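Chains D and V, in that order, give the protein sequences. Last residue of the first sequence? That's 209 in the numbering used here, and every number before it is there in order. Last residue of the second sequence? That's 418 in the numbering used here, and every number before it is there in order.
Hints in this document: simulated from the structure, not taken from any laboratory. Note that the coordinates shown come from a computational prediction; the quantities given were computed from them, not determined experimentally. Incorrect hints may have been included.
Unchecked claim - FRET-style restraints, in silico, Cβ to Cβ: (1) D:Glu12 / V:Ala361: 37 to 47 Å; (2) D:Ala114 / V:Asn299: 45 to 55 Å; (3) V:Asn299 / D:Glu113: 46 to 56 Å; (4) V:Asn299 / D:Ser138: 26 to 36 Å; (5) D:Glu12 / V:Glu322: 56 to 66 Å; (6) D:Met148 / V:Leu311: 27 to 37 Å.
Note that beta-carbon positions come from the ideal geometry of N, C-alpha and C, so glycine has one too.
There are 2 protein chains.
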Amino acid sequence: MELSKRQQQIIEIVKSHGPITGEHIADQLNLTRATLRPDLSVLTMAGFLDARPRVGYFFTGKTGNELLADKLKKITVAEYQSIPIVIKENDSVYDAISTMFLEDVGTLFVIDEAALLTGVVSRKDLLRASLGNQDLASLPVNIIMTRMPNVAICKKDDYLLDAASKLIEKQIDGLPVVDQTPEGLQVVGRITKSNMTKALVELAGNRRR
Amino acid sequence: MELSKRQQQIIEIVKSHGPITGEHIADQLNLTRATLRPDLSVLTMAGFLDARPRVGYFFTGKTGNELLADKLKKITVAEYQSIPIVIKENDSVYDAISTMFLEDVGTLFVIDEAALLTGVVSRKDLLRASLGNQDLASLPVNIIMTRMPNVAICKKDDYLLDAASKLIEKQIDGLPVVDQTPEGLQVVGRITKSNMTKALVELAGNRRR
Chain D
1 MELSKRQQQI
11 IEIVKSHGPI
21 TGEHIADQLN
31 LTRATLRPDL
41 SVLTMAGFLD
51 ARPRVGYFFT
61 GKTGNELLAD
71 KLKKITVAEY
81 QSIPIVIKEN
91 DSVYDAISTM
101 FLEDVGTLFV
111 IDEAALLTGV
121 VSRKDLLRAS
131 LGNQDLASLP
141 VNIIMTRMPN
151 VAICKKDDYL
161 LDAASKLIEK
171 QIDGLPVVDQ
181 TPEGLQVVGR
191 ITKSNMTKAL
201 VELAGNRRR
Chain V
210 MELSKRQQQI
220 IEIVKSHGPI
230 TGEHIADQLN
240 LTRATLRPDL
250 SVLTMAGFLD
260 ARPRVGYFFT
270 GKTGNELLAD
280 KLKKITVAEY
290 QSIPIVIKEN
300 DSVYDAISTM
310 FLEDVGTLFV
320 IDEAALLTGV
330 VSRKDLLRAS
340 LGNQDLASLP
350 VNIIMTRMPN
360 VAICKKDDYL
370 LDAASKLIEK
380 QIDGLPVVDQ
390 TPEGLQVVGR
400 ITKSNMTKAL
410 VELAGNRRR
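Start from the sequences, fold in the hints, and give me the full structure.
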């Protein structure tokens, strides 16, 4: 939404002098209250200004981009998560690499006998292990995995943006989407930088899976 | 921006009957033209409706999300690209893996003696090579790389969303940002799914690097 020059002036006045009545804004601009009415309506409905009876208009502190961002902030992990690919703790590193190629994923989740999350292996972990000249077929994946509680996780109701921030902060490609049960964490999904890239594209295209 | 019920009604009327004058919209809603003025201003300024003198209001065909998307669509690769990490064609696969760990990137760009792009290697390529039980220190990277013209590329003025779509379509983690010279392609940047994840987060936070 593009603001007119007058609307921008109004925002500046309210920023400096708010709370301020419509009449006083009009005075400052040498305009009538009636002339300003549409602009004040626009600014209030768009969320830039807020109005309180008998107090006047005040600035909400939100810029155009912030209002745009409000929409983005409401998206949850559940809307973009993928199916998780899991392997067992005692599977070999060789098996893990095969699974990674077969499923074409960058992150595998490691589960125990009870199907609960115990760790994560990334392409980077497997590349490091494969350089070690060890016998990959007899090296169990739980030796090289990142293990709980050091695994970054998220839940399906988490905001997508919080998951994205975690990926950036921890410099990882994917997070397990987990369900907390009395026994431990069940892996119900995976959310990755690929999902984030898709989210970006779909937001622009107004599409949703 | 949340539309009021009346604003939604106006959009529906203009969709069905546009081009239509403000008076006729007011008639349909049993309201006065003056009452409607702020709503028509809001809808026009926000881009939902357009108005032509002596013709009336018509529907632009844009929904709220589409208008939001318009902003997203204008972002270029240049605004989010990172520094490219390059290696030479004759560098070994072992060197490539070392560089990848050292620089902590997922994609390396391969250049020739003239510093022109000849290929790309990903973590996946290196993992595959390392499984081959070859002597990685004596295997040149140009044996295992994806080579031109099969390398997906982008330019700094390309739209970020087009680069994101390429990453998704080609199922790759990163693209070289190139500059076309008479001699060939110079690598000037790198754009990855990490950059896309950052773009998503920064859009919401209204931050820009």
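Each hint, compared with the structure:
{"no.": "1", "hint": "D:Glu12 / V:Ala361: 37 to 47 Å", "in the structure": "46 Å, holds"}
{"no.": "2", "hint": "D:Ala114 / V:Asn299: 45 to 55 Å", "in the structure": "51 Å, holds"}
{"no.": "3", "hint": "V:Asn299 / D:Glu113: 46 to 56 Å", "in the structure": "49 Å, holds"}
{"no.": "4", "hint": "V:Asn299 / D:Ser138: 26 to 36 Å", "in the structure": "35 Å, holds"}
{"no.": "5", "hint": "D:Glu12 / V:Glu322: 56 to 66 Å", "in the structure": "58 Å, holds"}
{"no.": "6", "hint": "D:Met148 / V:Leu311: 27 to 37 Å", "in the structure": "28 Å, holds"}
Going through the hint list in order, the structure satisfies each hint without exception.
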